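S.K.: All chains should be built: construct the whole structure from the sequences, respecting the hints.
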Amino acid sequence: MSSLTLVQAINRGLAEAMRTDPDVVVLGEDVGTNGGVFRATEGLFKEFGAERVVDTPLSETGIIGSAIGLALYGLKPVAEIQFLDFIYPAFDQIVSEMAKMRYRSGGQFPCHVVVRTPYGGGIRGGIYHSQSTEAYFCHTAGLKVVVPSTPADAKGLLLTAIHDEDPVVFLEPKRIYRSVTGEVPDGDHRVPFGVARTVREGTDVSLFAYGAMVPAAEEAAAVLEKEGVSAELLDLRTLSPLDESAVIASVEKTGRAVIVHEAARFCGFGAELAALLAEKALYSLKAPVARVTGFDTPFPYALEQLYLPNTEKIVAAARAAVRAA
Amino acid sequence: MSSLTLVQAINRGLAEAMRTDPDVVVLGEDVGTNGGVFRATEGLFKEFGAERVVDTPLSETGIIGSAIGLALYGLKPVAEIQFLDFIYPAFDQIVSEMAKMRYRSGGQFPCHVVVRTPYGGGIRGGIYHSQSTEAYFCHTAGLKVVVPSTPADAKGLLLTAIHDEDPVVFLEPKRIYRSVTGEVPDGDHRVPFGVARTVREGTDVSLFAYGAMVPAAEEAAAVLEKEGVSAELLDLRTLSPLDESAVIASVEKTGRAVIVHEAARFCGFGAELAALLAEKALYSLKAPVARVTGFDTPFPYALEQLYLPNTEKIVAAARAAVRAA
Amino acid sequence: MAESSVTPARAPPESVELPVPQVENALRTMVLARVLDERAIALQRQGRIGFYAPHSGQEAALVGSALALRPPDWVFPAYRELSVALVRGVPLQAIVDQLWGNVNDLSKGRQMPNHFAFRQVHFVSASSPIGTQITQAVGAAMGMQRRKESAVTIAYFGDGATSSNDFHAGLNFAGVFRTPTVFFCQNNQWAISLPRARQTQSTTLAEKAEAYGFAGVVVDGNDLRAVYSAVSDARRKAVEGGGPTLIEAQVYRLGPHSTSDDPHRYRSDREVEEARRGDPVHRVEEELRSCGALDQAGIDRIWEEARSRVAQAVTAAESAGSPPSASLFEDVFATLTPRLREESEAAGTLPPEEGRSR
Amino acid sequence: MAESSVTPARAPPESVELPVPQVENALRTMVLARVLDERAIALQRQGRIGFYAPHSGQEAALVGSALALRPPDWVFPAYRELSVALVRGVPLQAIVDQLWGNVNDLSKGRQMPNHFAFRQVHFVSASSPIGTQITQAVGAAMGMQRRKESAVTIAYFGDGATSSNDFHAGLNFAGVFRTPTVFFCQNNQWAISLPRARQTQSTTLAEKAEAYGFAGVVVDGNDLRAVYSAVSDARRKAVEGGGPTLIEAQVYRLGPHSTSDDPHRYRSDREVEEARRGDPVHRVEEELRSCGALDQAGIDRIWEEARSRVAQAVTAAESAGSPPSASLFEDVFATLTPRLREESEAAGTLPPEEGRSR
Ligand SMILES: Cc1ncc(C[n+]2csc(CCOP(=O)(O)OP(=O)(O)O)c2C)c(N)n1
Ligand SMILES: Cc1ncc(C[n+]2csc(CCOP(=O)(O)OP(=O)(O)O)c2C)c(N)n1
Ligand SMILES: [Mg+2]
Ligand SMILES: [Mg+2]
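Top to bottom, those sequences are chains A, B, C and D.
Quick note: the first sequence uses this note's numbering, first residue 6, plus one each step.
Quick note: the second sequence uses this note's numbering, first residue 6, plus one each step.
Quick note: the third sequence uses this note's numbering, first residue 816, plus one each step.
Quick note: the fourth sequence uses this note's numbering, first residue 816, plus one each step.
None of these hints come from the bench; they were simulated from the model.
Keep in mind the model is a prediction, meaning the values are calculated, not measured.
It is possible that some hints are incorrect.
[To be verified] To give an idea of the interface, some chain D residues facing chain A are shown, with a C-beta separation under 7 Å as derived from the structure:
1. G916
2. S1140
3. E1158
[Unchecked claim] With beta-carbon atoms standing in for the labels, derived distance ranges:
4. E1101/C <-> S8/B: 53 to 59 Å
5. P190/B <-> R1013/C: 33 to 39 Å
6. R885/D <-> K963/C: 56 to 62 Å
Each residue gets a CB set at the ideal place from its N, CA and C atoms; glycine is no exception.
M.R.: In structure tokens, the structure reads:
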């Protein structure tokens, strides 16, 4: 066990994978001598050299296209996209190629690429250093989408991703890269996909969150508790595959759901959670499902704090749900 | 009035706009001498010349990037992307630039580009000539997303799109390009955005559809009628902005909702509709919301008919909803 | 993968000169491909297959380049490369099964005709989006560098694909990392209706390589021997650490872009007639005739044999059934997720096998 | 837009030779920009602004190129081009307001510092994604062709951006459509930590233009006059129908990539020290001193004046408030949609104005 920040845990996860498996290679912009703009790849270049820690030209198309080629050939590429906001030059490779390679070839060509990328707001990054567009990837059949919210999960889910047989989009909540510290198992720690983490149990209302919204929702649950409202909090961890049964079971217990994410609301990931409840837990719902999300505007700069979901907004939504019935 | 197919109506809409407004220019692959691979731009090259009907090199990045430049400068570009499946090389320009230009410049730079593109399955097109990924665009703040299902709407919505001040992604259900014929007003016919079309009224269950799923849902409603089930059918027409009040009002009346689309279910557009109902019409819902959609697999080739929603699947879902309560 | 007498998976010993028996073998493949091309178009017209993109006019470029490859090499094709698969030892039947997307199709009927994948001969799954295979070929070549394998990757693409994002990214990465990659551009003069001259203003496509710090070569793509030696040279250079090469094989697309296309809308019959004079299949026939290796009867037999093989393969492909319904849900992931299992059951398909998909 | 004595929106009469008074004016702008650069970094360190990307070392390239433009031209910038805005007549205050994203910011506080938009002088909204402005500049130039306007577009971008998709598509379209576009690449030798030599294997960046059928030019970007005449020539050629030009201005990024960057991790102090000897601001000072146009006291006054103007602008920017909450929902679309109105009300912002946003 070591006490690490989230970004340190990712760094240890990468180092662990590279030490134990010579097929793991890291590639991206500024991942080498610079150690990554968020220092996630710090020290790797020194330990593993330029052949396994590859500073690429400024082309996300090239990064993901070549990562796919590496994977097809048999290596285990871990590609870094500097910010999720800059993934779109590679979007064709991700949705048309990486996601569909195994399927379209009848299983002949698996495509186990891991795409790591920092995402989310709260760092005064404005319109292009703050976005949360996980829904694009979740809607794309063939991709797994993972979001850790603790250092231990960050390492454990990353190691699972690297050794998974399928392509994984690994979204790192950069806002809590350094603000969250926790105990992280040493060695080859793995956290399975498709299993939500119950952060706290409760009986009156279910909070669903992931990434940097988990700490905010935890705070909200604590506030609610003082008001006599017992909130259950689930950290979804893998958005795809989703732990549907945990989501449904929680609402069957509490009868109320508050869904939290930073992304815009319209067609956001929260819509899928709400739809799931409307389909499979309708008769358990005592109150309208609430979504506490970013607004349907581009991500702002000056008014970032107004835009982002926070503890107060979550508490307010949970209160309203409890009052509704 | 003229009796036209859907693709002819689009062709007439383009010609109408180009005749009345010299700022309208069409650009894309094979739109010139070839008249478009679906013939949507047939005759335009002859009438308006190479300066206004521009055959571009094979680059969607270039098509949308230059269309944005044309719009910023003050023209009204209508860009054709040959198939929605091939829009991804332009995804960065669409989501990072076109959608955000007005916002990020504080309103200084409007960006009224129309992106026309055929989409959807049912033409034996397989994995890359059949997809429906409207949800990506709907989730992107700043884009309007439009899907006609009749020839009259195709022309009327297209003319509204071309003269709109905002960027529009105009999705054309290619499967019914030629199979649907209808009366289309001559001249500058316009259909407003944000207003759903009530295809038929009913009291027992609401069907929500768009594009090529509208005829399938109409058939389903006819079958249901014979069984004594009164189905209301809404053709959403514009997915963003969505006519939320029409959706909610319909379910307040019927108490049951069946949502139909070709796209994969997970985080598809139907999730937003279901979420809306779970938020704003929960107490009206007598039965679980049903989604009749594509599966969460890539679009297949040989098993296309198994994959696609159809009349039988819609009828079955509506029956189940009515039986549920 | 078994077969085929005509088209060995092994290339002849590296040499710029293709020995006559190899040329005769090449002719057999070229004729087989040509016959299949013509038959497939007819089958599409009859509604028996859904689509077809012919490669007539490009046979020498395809077969000549494929002959210069070795078994460990990896092929990243576009959609006109079935003769490359033939040269690498893929049975004709496997190709025809793909055109049907039937139960025997190695890709399980997941793609339109022409989008092949043959893992065993390192023939990577083709896709429709133009150019995407180019960066992938570079990535696989980076893998070969890492594993110190003496092999190359070859990316096939058209003149239109030189405008794609992946062309730019792929060639740039290849230049920077000096990857063992052969970029094989079949400039067939058209990208659907857009002529080469309006695809880009550069004089040749080959010279684009210079923007990425390596050499480009123009070769007469109707000349089997010239193509073979250009690719052999590029391959040798690549495995010796000399980095990538861009080869522009100048050919002509004799047929329509695909069965969905009507080329009369954008090009003249005269242009096509002129191009027909350079027909690469006839050119090889001519060579073998004039050097005395084959007489007309021998050539006729090659065509006969091709026709009968194609006819047989078509019959077999057509009589095979569709892939089973449950297969719709396989291979999305390595193992079925709960949601896919649920969807599969709801779809009323046979309960899919537990655990790993095939 | 009013002001500014120092930096007229009009360029001098077209000529390869920049007259001395213009050079003196250029120096004022360069010094102003340099002072702002240094001040902005300090402000960021103090937490008073959120971010800053300096342009020190690139002033001659920026000001020299901007002087060669005319009012009808359109500028498609990246994020280091504030001196171009100054030359085109944008008030210093408007620039500093953007760094704060305050209520006076013309972009309504919607973007990080350095991402400017000044409609009135055709300075298009900058974005962070690298290279996207390049195809847009080509599109606007197509618009100029259509409207037969005698003007050009200029796209500013870095060495790193030559690897972007939009570089490839933009230059290719420009070549094919012969658009009046000047591609102005500031090769400052680094793309964050990646040195120019590992960005691409071509010898120069300028030569990449040949792949698109037009000319590329290398110019010493520390030489104000050389930049001015290169851009003037390219502009003249473009408006005369001669098509696009790629100009590579060789400069050096003297500062960090941005305030988030620590360049010590990837480059030596010695390299930077060496580059400092070519400092473009000192070079212009030297010229004006040696031709007798300015003495040291005159130069000092220019620096003084710049410092006081920047100090004033900073005070004003800092004391202006934030944009109003309701503005969060404006400009998503031309008019507020029902959903945005609902969200705005739920957010407890002032009820947004009806109908059209500002
Ligand atoms: C990204 C993308 N855009 C558009 C298309 C539609 N399309 C299919 S083939 C083709 C032309 C390809 O031309 P070229 O690269 O020269 O190859 P050829 O067909 O001539 O072999 C086009 C535009 C596509 N498949 N992918
Ligand atoms: C598409 C994209 N990928 C990555 C980034 C992150 N990033 C910001 S600036 C930069 C380097 C740009 O280098 P260059 O084009 O030389 O411009 P310079 O910063 O040197 O002026 C990178 C990689 C980005 N902004 N956009
Ligand atoms: Mg071609
Ligand atoms: Mg640079």
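S.K.: Each hint should be assessed against the structure and marked as holding or not.
M.R.: Hint check:
1. G916: Nearest chain A Cβ about 4 Å off; hint holds.
2. S1140: holds, 6 Å
3. E1158: holds, 5 Å
4. E1101/C <-> S8/B: 53 to 59 Å: Holds, at about 56 Å.
5. P190/B <-> R1013/C: 33 to 39 Å: Distance hint for P190/B, R1013/C holds at roughly 37 Å.
6. R885/D <-> K963/C: 56 to 62 Å: holds, 58 Å
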